[in-house]
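Whenever a hint applies, use it, and build me the whole structure from the sequences.
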Amino acid sequence: MPIQPLYILSALLLSIGLVIVIVKRNAIMVLMGIELMLNAANINLIAFNQKTPQTLDGQVFSLFVMIIAVCEAAIGLAIILQVYRHYKTSVPDEVTELKG
Amino acid sequence: MSQALLLNLLFFLLGLPLVSAMLAQFISEKYRWLNPLIAVFLLLLTTITGISICVAQWNEAPVLLEHTWFSLGNYTITAGFYINNVTLVMVSVVSFISLMVHLFSSGYMAGDRFEKSYYTMLGFFTFCMLGLVLANNILLLFIFWELVGFSSYTLIGHWREKAIAAKAAGKAFVINRIADLGFIAAILILYTQTNSFSLTEVTQLTNEFWRNAAAISLLIAVMGKSAQVPFFNWLPSAMEGPTPVSALIHAATMVVAGIFLLIRMFPLFSPEALDIVVIVGSITALLGALAALHQYDIKKILAYSTISQLGLMLAAVGSGAYGVALLHLFTHAFFKAGLFLSAGAIIHVLHQAQHTAHVHFDVQDIRNLGGLKKMMPITLVCFAICSAALSGFPMLSGFQSKDAILVSLFNWSGNSWRLIFTWTVVVSFVLTIVYSVRMLWYIFFATAKKTSLLRVSEAPGILRIPIILLSLCSLWFVVSVHPLEYNGWLLNSIQPAKHYLFITWLSMILIPTLSVIAWWWYKSKELSRVYPVLKNGFYLDRVYDKAGKNTVLTLAYTAKKSDQGIDGFIHVLAYAQVTFAHLLAWFDKWIIDGGVNGIAWMARQTGALARSFSGGKIQTYIFWTTFTLIIFLFWILF
Numbered sequence: 533m534p535i536q537p538l539y540i541l542s543a544l545l546l547s548i549g550l551v552i553v554i555v556k557r558n559a560i561m562v563l564m565g566i567e568l569m570l571n572a573a574n575i576n577l578i579a580f581n582q583k584t585p586q587t588l589d590g591q592v593f594s595l596f597v598m599i600i601a602v603c604e605a606a607i608g609l610a611i612i613l614q615v616y617r618h619y620k621t622s623v624p625d626e627v628t629e630l631k632g
Numbered sequence: 005m006s007q008a009l010l011l012n013l014l015f016f017l018l019g020l021p022l023v024s025a026m027l028a029q030f031i032s033e034k035y036r037w038l039n040p041l042i043a044v045f046l047l048l049l050t051t052i053t054g055i056s057i058c059v060a061q062w063n064e065a066p067v068l069l070e071h072t073w074f075s076l077g078n079y080t081i082t083a084g085f086y087i088n089n090v091t092l093v094m095v096s097v098v099s100f101i102s103l104m105v106h107l108f109s110s111g112y113m114a115g116d117r118f119e120k121s122y123y124t125m126l127g128f129f130t131f132c133m134l135g136l137v138l139a140n141n142i143l144l145l146f147i148f149w150e151l152v153g154f155s156s157y158t159l160i161g162h163w164r165e166k167a168i169a170a171k172a173a174g175k176a177f178v179i180n181r182i183a184d185l186g187f188i189a190a191i192l193i194l195y196t197q198t199n200s201f202s203l204t205e206v207t208q209l210t211n212e213f214w215r216n217a218a219a220i221s222l223l224i225a226v227m228g229k230s231a232q233v234p235f236f237n238w239l240p241s242a243m244e245g246p247t248p249v250s251a252l253i254h255a256a257t258m259v260v261a262g263i264f265l266l267i268r269m270f271p272l273f274s275p276e277a278l279d280i281v282v283i284v285g286s287i288t289a290l291l292g293a294l295a296a297l298h299q300y301d302i303k304k305i306l307a308y309s310t311i312s313q314l315g316l317m318l319a320a321v322g323s324g325a326y327g328v329a330l331l332h333l334f335t336h337a338f339f340k341a342g343l344f345l346s347a348g349a350i351i352h353v354l355h356q357a358q359h360t361a362h363v364h365f366d367v368q369d370i371r372n373l374g375g376l377k378k379m380m381p382i383t384l385v386c387f388a389i390c391s392a393a394l395s396g397f398p399m400l401s402g403f404q405s406k407d408a409i410l411v412s413l414f415n416w417s418g419n420s421w422r423l424i425f426t427w428t429v430v431v432s433f434v435l436t437i438v439y440s441v442r443m444l445w446y447i448f449f450a451t452a453k454k455t456s457l458l459r460v461s462e463a464p465g466i467l468r469i470p471i472i473l474l475s476l477c478s479l480w481f482v483v484s485v486h487p488l489e490y491n492g493w494l495l496n497s498i499q500p501a502k503h504y505l506f507i508t509w510l511s512m513i514l515i516p517t518l519s520v521i522a523w524w525w526y527k528s529k530e531l532s533r534v535y536p537v538l539k540n541g542f543y544l545d546r547v548y549d550k551a552g553k554n555t556v557l558t559l560a561y562t563a564k565k566s567d568q569g570i571d572g573f574i575h576v577l578a579y580a581q582v583t584f585a586h587l588l589a590w591f592d593k594w595i596i597d598g599g600v601n602g603i604a605w606m607a608r609q610t611g612a613l614a615r616s617f618s619g620g621k622i623q624t625y626i627f628w629t630t631f632t633l634i635i636f637l638f639w640i641l642f
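From first to last, the protein sequence lines are chains C and G.
So for the first sequence, the numbering used here puts the first residue at 533; every next one is plus one.
So for the second sequence, the numbering used here puts the first residue at 5; every next one is plus one.
Calculated directly from the structure, the hints in this document are not laboratory data.
Glycine included, each C-beta is placed from N, C-alpha and C at the ideal position.
Do not rely on the hints blindly, as some may be mistaken.
Unchecked claim - DSS-like mimics (lysine-lysine), calculated; alpha carbons at most 25 Å apart, straight line:
hint : chain 1 : residue 1 : chain 2 : residue 2
1    : G       : Lys-171   : C       : Lys-556
2    : G       : Lys-550   : G       : Lys-175
3    : G       : Lys-539   : G       : Lys-527
4    : C       : Lys-620   : G       : Lys-621
5    : G       : Lys-377   : G       : Lys-527
6    : G       : Lys-171   : G       : Lys-120
Unchecked claim - Here are some of the chain G residues that sit facing chain C, going by a computed Cβ distance under 10 Å:
hint : residue
7    : Leu-538
8    : Gly-620
9    : Gln-623
10   : Ile-626
11   : Phe-627
12   : Thr-630
13   : Thr-632
Structural data, given as structure tokens:
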């Protein structure tokens, strides 16, 4: 199986995730962008693992990343929920209490 | 009298008329009736003070009260009073005539629109005239000399709505200013030569040339002030002022300031300069008398007569007998003021009568008068006494002073060419008799002309009192007890004159004879034709107009042209400056301001840039972090 397309896919995913993170206003969408970027990393990890098929380092690492992503998503959503409760909005730009 | 007391009295003497002048300004319109009362009262006090100073100081040693006026570096200028017999005579004459005129004015000027300024200027004039005769500093004297000129100017133009009065005032002012150049020149000469302004010191000048130069310069100033040839034409025009003013300023006091100056400065005059004084004086005396003979206006007759009499005084000073000049000044002040005030009374009464009768004609024109003999007997008597004194009738003061003048002139001339001028004066004496008779005849004795239309009564008491007093003062006893002797109290204390009994007796016979001849002459014929040359004062006005005006106009035109040139240059300069300023402004705005603003703008933009990184937006942070990371990666990898 050629590896080249996987690199491209991962790069695309990372780029799309980054763009979503930067461009989208809603915090939930930002979280989703982060998920995309993490998954792009996962694809990379798995694709690079193909260079040394006898080990499973890449796969194991990607599992870790998934678990961490789940935690991160959980904590992130919780924070967003709290922010929403407090500020009645989930748009980070509108949470401007610190701004002078 | 102690010096301190004398000084106080002098300040009192000078202060009272000034207070009168100021009060007249401050009294409100509601209490205007107070004006003449206060003025007359204060002037009465002035006169009492003046005459008591005169009596107390008479024949005492001259007193010099000096005080430092100001100092310039090492030079100290002192100012002060100098009191000798001449000053004392002047003080009493000025204060007495001023009192008479104030008294007369309270009747004559009653209800005048500008009464306030009238009394102010009258008081101010009296102050200045007294200052003039008392001052010992030639600068101070000059200041007062100019101030009396100014008072004369304002009083001639008292009825300012009359264009002719305003013009006459301007004429008097300008001609006097031109003549006063001589005074300034004399002050400069005397100061540079003697380093002093004090009259007692400047008259000590010894340098022959500068002494004569100063004397001639002073003579020019005197010729202006005392209305001598060729400056006399302002005095007849000055008759446009109120009649009491003419009596005070243009007959008795201000115009004789010139004679007074000559007497004060007498030591400066060398015999040659004195000859010039006599020539000027005698010619003026003759021309003035000739012109007086050909006037129709009473006041103009009196004005030309004043010019002629002033010429006599000048001639007397020039003959060396300044005491005689002072004597004539003294007697002339009384009878000429008396004549003017009588004329004023006539004018006043006729005006009043015109008002009730609704008839209007020129009351000053002798062609319209006549027959006032029965209507105004008291005025007639006073007028007759004063005009007899003017023509030099025996038993009157004029006889004594004129006799003294004749004697001193004959003494001066001896058997030389100077006799021409002495005889000129004699001719003017004869003419004086003729015009006095003419005036008296046509006002009082001739058949009534337009006056017959009026119901005329005697002048009111307030006008009569000063006239009666002044005609009493024209009697012989003011000069000496002996009616034919002129060396009385005045001359004996100043400069006794020699006697020449022949002249005295001859004039005693000739004057009444000539008067009677003149009387018959005028009685037998109608008012004769007058020569226009003499009526118009030798066309001096027109000569000045032609010569003076053209020169002045040419000068003014040249001045205007050169002014335009200067203006053009200044305009170019101004334009250049404005253009340069615009350039500077542009440079300032765009280069200097622009530079400073640009720096500020750059700092602002940098600041804005720097600020934009920390805008409080998480996503921006992420963007920049990623961006930096990418650059970093590029830098590391390639």
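Structure-based check of each hint:
The hinted pair formed by Lys-171 (chain G) and Lys-556 (chain C) fails the criterion: a straight-line CA distance of about 100 Å is larger than 25 Å. Of the supplied pair hints, the one linking Lys-550 (chain G) and Lys-175 (chain G) holds, its CA atoms being roughly 15 Å apart against a limit of 25 Å. The straight-line distance between the Cα atoms of Lys-539 (chain G) and Lys-527 (chain G) is roughly 22 Å, inside the 25 Å bound, and the hint therefore holds. With a CA separation close to 18 Å, the supplied pair Lys-620 (chain C) and Lys-621 (chain G) stays within the 25 Å bound.
About 15 Å separates the Cα atoms of Lys-377 (chain G) and Lys-527 (chain G), which keeps this hinted pair within 25 Å; it holds. Under the criterion of a C-alpha separation no larger than 25 Å, the hint pairing Lys-171 (chain G) with Lys-120 (chain G) is consistent with the structure, at around 22 Å. The beta carbon of Leu-538 (chain G) comes no nearer than 107 Å to any beta carbon in chain C, farther than 10 Å, and the hint placing it at the interface is violated. A distance limit of 10 Å between C-beta atoms decides the matter here; for Gly-620 (chain G) the minimum to chain C is near 4 Å, and the interface restraint holds.
Because the closest C-beta pair between Gln-623 (chain G) and chain C is about 5 Å apart, less than 10 Å, the hint holds. Of the supplied interface hints, the one on Ile-626 (chain G) holds, with its beta-carbon coming within about 6 Å of a beta-carbon of chain C, less than 10 Å. This hint holds: Phe-627 (chain G) has a C-beta 5 Å from the nearest C-beta of chain C, less than the 10 Å allowed. The criterion of a C-beta within 10 Å of any C-beta in chain C is met by Thr-630 (chain G), whose closest approach is roughly 6 Å, and the hint holds.
Below 10 Å, beta-carbon pairs count as interface contacts, and Thr-632 (chain G) has none with chain C, the closest being about 13 Å; its hint is therefore violated.
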